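Undergrad: Sequence:
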Amino acid sequence: GNVDGGLERFQERVREHTRNLHRDDLVRFRNASQNLLAGLPTDAADDGVILGELQNKREETSSPETKELIHDTITAVEYRIVFKRAVEQAVAVAEEAIGGSSGDDHSSREL
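FYI, in the numbering used here the residues of the sequence shown are 20 to 130.
Worth flagging that the hints you see were computed from the coordinates, not collected in a lab.
Keep in mind the model is a prediction, meaning the values are calculated, not measured.
Hints may be right or wrong, so weigh each one.
[To be verified] Capping the alpha-carbon separation at 20 Å, the derived lysine to aspartate or glutamate pairs in EDC-like fashion look like this:
1) K103 - D91
2) K76 - E87
3) K103 - E87
4) K103 - E115
5) K103 - D62
6) K103 - E114
7) K76 - E97
8) K76 - D65
9) K103 - D65
10) K86 - E97
11) K86 - E72
Construct the entire structure; sequences and hints are all you get.
TA: Spelled out as structure tokens, the structure:
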């Protein structure tokens with residue numbers, strides 16, 4: 020089967036489900052997700068810089084033990100990037116369903 024077609028259909032089903040959620044729930048979800056991201060010490064862009072530095076360090080390192088430790092750290096940073104991008108995408112989908120941040124929906128309200 021066509022994987023991209025399946026993914027596109029799945030993404031549309033997610034958007035449709037999200038559009039059917041109550042606006043207050045979407046606003047709470049979006050705010051909680053944004054607060055989660057804001058509370059992390061780095062964002063995905065920062066992690067991308069860290070990832071590049073780690074990859075350079077791995078190339079410069081001759082010790083197999085150190086290379087393995089750096090590899091494990093790289094894997095963790097890659098996971099952090101994927102997680103943060105997934106949360107960012109969830110925020111974007113929620114905002115799309117809400118209709119964007121107009122200020123009328125208490126979008127700046129902290130939870």
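Undergrad: If you check each hint against the structure, which ones fail?
TA: Violated hint (a single one): 3; every other hint is consistent with the structure.
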